[in-house]
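If you read the sequences in order, they're chains A and B.
Under our numbering, the first residue of the first sequence is numbered 1, with each subsequent residue one higher.
Under our numbering, the first residue of the second sequence is numbered 1, with each subsequent residue one higher.
Among the hints, erroneous ones may be present.
Copies of the same chain look alike in the list, so a pair counts if it fits in one copy or across any two.
Keeping only pairs whose Cα atoms sit at most 25 Å apart, straight-line, the calculated DSS-like set for lysine-lysine is [said to hold, decoys possible]: (1) Lys-53 / Lys-156; (2) Lys-144 / Lys-19; (3) Lys-169 / Lys-156; (4) Lys-156 / Lys-168; (5) Lys-97 / Lys-53; (6) Lys-169 / Lys-19; (7) Lys-35 / Lys-144; (8) Lys-3 / Lys-49; (9) Lys-168 / Lys-97; (10) Lys-96 / Lys-35; (11) Lys-97 / Lys-156.
Simulated from the structure, these hints should not be mistaken for lab results.
There are 2 protein chains.
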Amino acid sequence: MRKVVLFTASSLDGFIATKSGGIDWLFTDADYGYKRFFNSIDTTLTGYKTYKKALSFSEFVFPGKANYVFSRKKRRPDPNVTFVSRNVPAFVRTLKKEKSGKNIWLVGGGSINSVMLNAGLIDEMIISYHPIILGGGIPLFTDKSRESEFTLVRQKLYPSGLVQIRYKK
Amino acid sequence: MRKVVLFTASSLDGFIATKSGGIDWLFTDADYGYKRFFNSIDTTLTGYKTYKKALSFSEFVFPGKANYVFSRKKRRPDPNVTFVSRNVPAFVRTLKKEKSGKNIWLVGGGSINSVMLNAGLIDEMIISYHPIILGGGIPLFTDKSRESEFTLVRQKLYPSGLVQIRYKK
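If we strip away everything but chain A, and leave its shape as in the complex, we get (with noise of 0.2 Å):
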């Protein structure tokens, strides 16, 4: 069955964006294992708010994938992505079912992280840590996450300073 891997980014102190959702402090020297991982997955699973800031970059960052982009809301068609409304685990579920494929990369925030933990439908977290405190912002998981432990697979260091941690469920 095919994977949903959380591949993301965080402070040290389990923050993916300030609180205005400010990404400025990511490294960009390097590849950081990203086309690597882009090439393994064919589908994307977005927070809606995460998709609005993915909007602000001059490219769509996620080309030819299946982008399901989940809210509540009715909002305006993209032809890049496929809006769900409906029960977020159900649907992962079904799409990991039914559709063979390759893995499905859960690219964020913390709202849709937290639903997917709470559903067990995270199989692996690929969390790039970078070393930075920023003290409050956009969290990994939500206060309505609950404890969950992951079993280490593996994790790289870079010289940049960033630690890269792969887990499983």
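Chain A is already provided as a structure; the job is to place chain B on it using the hints.
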């Protein structure tokens, strides 16, 4: 000059304890460098809540050290510790300069960590990331912290899945 070192455990999402202060998720199957670290310091700095938590253990956890507990209020005397209600950064600066000795352990919790961080007084951090998402609790640093970059010194992976990372200012 003596260094102030934050030596602490954290969940993957940046919490040092559950909402109620629970730490039963901490690995206790191995030493994880604790004894060696404990021998490298002769002074501890602790916030009042963390001190109260430490009192719940059967034995005093910082024997043979100069232990300073920060609290704005007057507290019941304890022969093991010295309560400090003065300006924390000024007190620690004096401590670093005037007293020769080993390093100083910043025990935590989140509030004192942030006061120290904002004052630029954390020289090193040794964070033991446990492979667990808590989804909430007592944060590594409070939301009163300012954005602060660190430099990775080294990291160590333990068979249990714990990743211990050392950073310097």
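Status of the hints after comparison with the structure:
no.	hint	in the structure
1	Lys-53 / Lys-156	neither (28 Å within a copy, 35 Å between copies)
2	Lys-144 / Lys-19	both (18 Å within a copy, 12 Å between copies)
3	Lys-169 / Lys-156	both (19 Å within a copy, 22 Å between copies)
4	Lys-156 / Lys-168	both (15 Å within a copy, 19 Å between copies)
5	Lys-97 / Lys-53	neither (29 Å within a copy, 47 Å between copies)
6	Lys-169 / Lys-19	between (29 Å within a copy, 24 Å between copies)
7	Lys-35 / Lys-144	neither (32 Å within a copy, 36 Å between copies)
8	Lys-3 / Lys-49	within (23 Å within a copy, 42 Å between copies)
9	Lys-168 / Lys-97	within (19 Å within a copy, 46 Å between copies)
10	Lys-96 / Lys-35	within (22 Å within a copy, 46 Å between copies)
11	Lys-97 / Lys-156	neither (31 Å within a copy, 38 Å between copies)
Consistency note: the structure conflicts with the earlier hints numbered 1, 5, 7, 11.
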